[in-house]
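Q: As a plain string of letters, each chain reads:
Number of protein chains: 4
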Amino acid sequence: MALTGVLRPGHIALRVLEMGPALNHYVDVLGLIETARDDDGKRVFLKAWDEHDHHSVVLREADEAGMDYFGWKVDSNATLKKMAADIEDSGLCEDLQWIPSGEHPGTGERFRFTIPTGHVMELYAEKVILGNGCGTDGPNINPDPWPEGLKGIAPSRFDHALLYGDDLDGTVKLFTEVLGFSISERVVTKDNPDFMIGTFLTCSNKAHDVAFIRQPVKGKLHHASFELGSWEKVLRAGDILSRKRVKIDMGPTRHGITRGETIYFFDPSGNRNEVFGGGYIFYPDKPVITWYDETLGPAIFYHDRQLNDAFLSVFT
Amino acid sequence: MALTGVLRPGHIALRVLEMGPALNHYVDVLGLIETARDDDGKRVFLKAWDEHDHHSVVLREADEAGMDYFGWKVDSNATLKKMAADIEDSGLCEDLQWIPSGEHPGTGERFRFTIPTGHVMELYAEKVILGNGCGTDGPNINPDPWPEGLKGIAPSRFDHALLYGDDLDGTVKLFTEVLGFSISERVVTKDNPDFMIGTFLTCSNKAHDVAFIRQPVKGKLHHASFELGSWEKVLRAGDILSRKRVKIDMGPTRHGITRGETIYFFDPSGNRNEVFGGGYIFYPDKPVITWYDETLGPAIFYHDRQLNDAFLSVFT
Amino acid sequence: MALTGVLRPGHIALRVLEMGPALNHYVDVLGLIETARDDDGKRVFLKAWDEHDHHSVVLREADEAGMDYFGWKVDSNATLKKMAADIEDSGLCEDLQWIPSGEHPGTGERFRFTIPTGHVMELYAEKVILGNGCGTDGPNINPDPWPEGLKGIAPSRFDHALLYGDDLDGTVKLFTEVLGFSISERVVTKDNPDFMIGTFLTCSNKAHDVAFIRQPVKGKLHHASFELGSWEKVLRAGDILSRKRVKIDMGPTRHGITRGETIYFFDPSGNRNEVFGGGYIFYPDKPVITWYDETLGPAIFYHDRQLNDAFLSVFT
Amino acid sequence: MALTGVLRPGHIALRVLEMGPALNHYVDVLGLIETARDDDGKRVFLKAWDEHDHHSVVLREADEAGMDYFGWKVDSNATLKKMAADIEDSGLCEDLQWIPSGEHPGTGERFRFTIPTGHVMELYAEKVILGNGCGTDGPNINPDPWPEGLKGIAPSRFDHALLYGDDLDGTVKLFTEVLGFSISERVVTKDNPDFMIGTFLTCSNKAHDVAFIRQPVKGKLHHASFELGSWEKVLRAGDILSRKRVKIDMGPTRHGITRGETIYFFDPSGNRNEVFGGGYIFYPDKPVITWYDETLGPAIFYHDRQLNDAFLSVFT
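Protein chains in written order, with the working numbering: chain D, 1 to 316; chain P, 1 to 316; chain W, 1 to 316; chain S, 1 to 316.
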């Protein structure tokens, strides 16, 4: 099979300070769909409309915002077992554990581990399929291109996250050598091209499935990103965010890295979100794109050619 | 590695009746870039701007339009050898042969075979990288999102082809069981869902890399398709085609299958081209989409909900 | 004042065969807003979201589809009186009459007359303002760019109509010499440029406010058109129409005349509608654009460069 | 005639520090077309592609950037004479003078005057028509929707300017009472809605043809604006500006006032330019939109909901 191993970002678990405002944000403004919540209401599970799996976002009420963990869907239980063993063998990760099936609703056993940059990651092979609501004569039969009744910004899927952490080399080694990812783009110091400041990693034809920027922190989230499909939808997203008084951090603009057309904003707890369109089709034989540290400005915000203050200082 | 085996459509070799008008079409109107031609001028090699490899379209002057062959880039020479053996073992293909390195400029050895629907296919592992012209401080360094000096419609890449042939079952068996493709969408008779009228196959996250429709012919080309990136570029393509008096077959419109935003037109020899944007992200665990024969109209042309006369009758 | 006299198309009164399906079409699919209906339910009044006036579409149940009349908003009662007198003096019109204030809800006195092509036209100076629902601190105060809760295609306004009739010369004389319109574009026979086949007329900076095509009929409607704002909204309109099984006549495509980006479709009674975006800014000193009869194809449908069968034969 | 009096912004005369870099900016990056220059090369005349008149931008080399004057096309010489007399009678303006025909190439006599905010304005009735290059069988005959060979950002026309000055009340009185303009939008202090901070004025169906913001200066230019036609073209403009290292001031974003989709940037002399799309259709009976001073942020930059530092402090 041409697409094997780690298939995609499967879920991101975010900590929010209050569930009520968080749901208002993620459901009414961003336009995700609630699919389940824990009996005690402490966790709520959500999906974007064009995702078939049960959920891709997990919200948990906590005292501090940030990312609890990031889950990757793998192609099979055999891959799950093998990768768990490979991760253990690599010696790169800590706190390895198996989360039993059902701990997430509709989800099989998950293998959890902490990567060198301090982020908690998971692999899993099974999640119940709910569908995307487009079939007209049954699920996946004669579908319309998009469903009726979408709310808010309505991205098609959870797409990737940008994460901040210290041991970038260890994490990149893990993703490329153990988990089978490719580097699509990297930011390096011009004097020492082996010293990566940022690395954009993909397990697919997407320009990135996860990205890391070297910062002297552990396990931090820069943003969780959702796919929109067009630049006009980015404009519409900006309009909706302004109307709803959601704080926009940057954009609409274009990224130099990935060419994405983007807008950044914050959830009520301070977690940064992105919705974006565009980008290119990646292949593993595509040359890696290199950005020098001196061009980090246009690499991130291509139009302004400089970072805003929040880019390096605000994360959760 | 997450993307393995057959990576992508690597080249399509088209027969054209006269090279001069063909080049006017493919270079000045469509906007491909000539990268080489044979000493005798009988074959011209072209690429789209965002392709890094040496060429993706081969034009050959001949008495009859159509497709000579379709080439697939695989991830390594080892895969090339293994797949060649697997194809031979499958007994599904005819006229197996190795084309020596260099027969295409900048291209390694190719394994050629004729599939059950009569189309000549090739696998190859090596092609010289020319780059996409976007780097500002060297190839792939600090790139702009698109290069200056593009002409005409300027698609980013050769994306897929739709092919007509008789033994659809044999060809689908080959692609799914030997070459590792997935079925993303299929058109079936409602009474017998196992009888496929059309099959859309992917080896990637794209909604299709090649598609076949069952017709009582051998080795025919319905269209060769190039990727544009946005619906506004489809409008611009239509404007350019009209200005240049290129015959438009259908569109701008949306496909039901793949959700693509599309326009069909003909090269001067009668080969149908498509430029398109949009579509969804495919994963191998995504449920197959099924269209019934009675909804073939909206499956192909979602807005009109019916085929035009040319769809089933005009091919090369 | 820079904009004087006839300001804009103010309302179009359409005959529909059954009110229920008509309202489903104009409210749920097209996305107009019902603002009033007659006590007996025989007429329903609608507006588009960005129109401030009380209504712009009047639906009346009748045995035959078509246009009852077309109303123009003029800048003042003084203009209304003067133009009524001028029309009478011109001798070009028939069936002159005053419709009393209130016959349309919220509307002042209307002057009605039948023009040489057989269409019933009206002038009026007063209509109650309902607003566009965008103000955040009161009507027209600190407005958002668009209101929440829009349904369906949701055009911004009723924009123009294309009408079929026989005495084109008389009607053009009326509009240009009596009502102060300019000709923006015209289709003529190449041999005799004074013989107009079609005339596009404007009283504003819009490329057209009404258009006429010479046909051996009286008082016929080709289409009533609504403004959308972008080509992406035209795609979305096509998607909605297909989903709702509304018969699309043509498009998405571009008009040569006016450069509009368009889609044509039919209401359940057979009245043709258009939604469109684009076009240029007209000024009265802009040279008239001339199309020859031999280029009527690209003049109407720029991409296909030919009329479809319905263009000349289907009207109401 | 429905459009009378002042028809449109006809030209803006800008001072630039060096003509070479200025032409590189206005011709190669912005994409205007040079149509004439003075014998001594001190002034260069330019037009945008879809303008029919001889020129709309005049560049003059000077020691200081800024606007020399802003010219308005009126509908006739009779209007020119009458408005000149009305302006004189109003007592609102200074430095009234007639500029002889031919002082601008291809342009008739101009009446020049200085308005209360210190800006030099002109009225003129005649300018040679060069056309927009779209006709296929002669000027304005069977035109394509856009010409080939455009360079850079390629806006369709010079659209409006935003000007800074002190005596806003006098200038607004002049434009509304003498020149026939309407107020489309205004920014006022919430406590005293009669105290206008900013006024957007139109003589057409456009949301604005000129705008003024009250600042304790005389005759200053905030930006000269050019019309693009779509949000996707705003993105492309941003890409071109970044590639060419043109300093972007703000955007892409949306204005609250006029709903325009915009990007601001600077020419090499520090004059701010805008290219934009979108906006609504204005009519003189449309209610005036009011913004309170406390919402000046979203009024100007709807997404960010706050001004950037440069908005109030950087002008020429």
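Hints in this document: simulated from the structure, not taken from any laboratory. Do not rely on the hints blindly, as some may be mistaken.
One copy or any two copies: either way a pair holds, since identical chains are not told apart in the list.
Claimed, not checked - The list that follows gives simulated cross-link-like pairs (lysine-lysine, DSS-like), each with its CA atoms no further than 27 Å apart:
1. Lys-42 to Lys-190
2. Lys-42 to Lys-220
3. Lys-190 to Lys-247
4. Lys-82 to Lys-151
5. Lys-190 to Lys-244
6. Lys-42 to Lys-82
7. Lys-151 to Lys-244
8. Lys-173 to Lys-218
9. Lys-151 to Lys-190
10. Lys-42 to Lys-247
11. Lys-81 to Lys-244
12. Lys-151 to Lys-173
13. Lys-42 to Lys-173
Q: Against this structure, judge whether each hint is valid.
A: Do the hints match the structure? See the list:
no. : hint               : in the structure
1   : Lys-42 to Lys-190  : neither (47 Å within a copy, 44 Å between copies)
2   : Lys-42 to Lys-220  : within (22 Å within a copy, 58 Å between copies)
3   : Lys-190 to Lys-247 : between (35 Å within a copy, 24 Å between copies)
4   : Lys-82 to Lys-151  : neither (40 Å within a copy, 49 Å between copies)
5   : Lys-190 to Lys-244 : between (42 Å within a copy, 22 Å between copies)
6   : Lys-42 to Lys-82   : neither (33 Å within a copy, 52 Å between copies)
7   : Lys-151 to Lys-244 : both (13 Å within a copy, 19 Å between copies)
8   : Lys-173 to Lys-218 : within (17 Å within a copy, 49 Å between copies)
9   : Lys-151 to Lys-190 : neither (45 Å within a copy, 34 Å between copies)
10  : Lys-42 to Lys-247  : within (25 Å within a copy, 48 Å between copies)
11  : Lys-81 to Lys-244  : neither (45 Å within a copy, 47 Å between copies)
12  : Lys-151 to Lys-173 : neither (40 Å within a copy, 41 Å between copies)
13  : Lys-42 to Lys-173  : neither (35 Å within a copy, 48 Å between copies)
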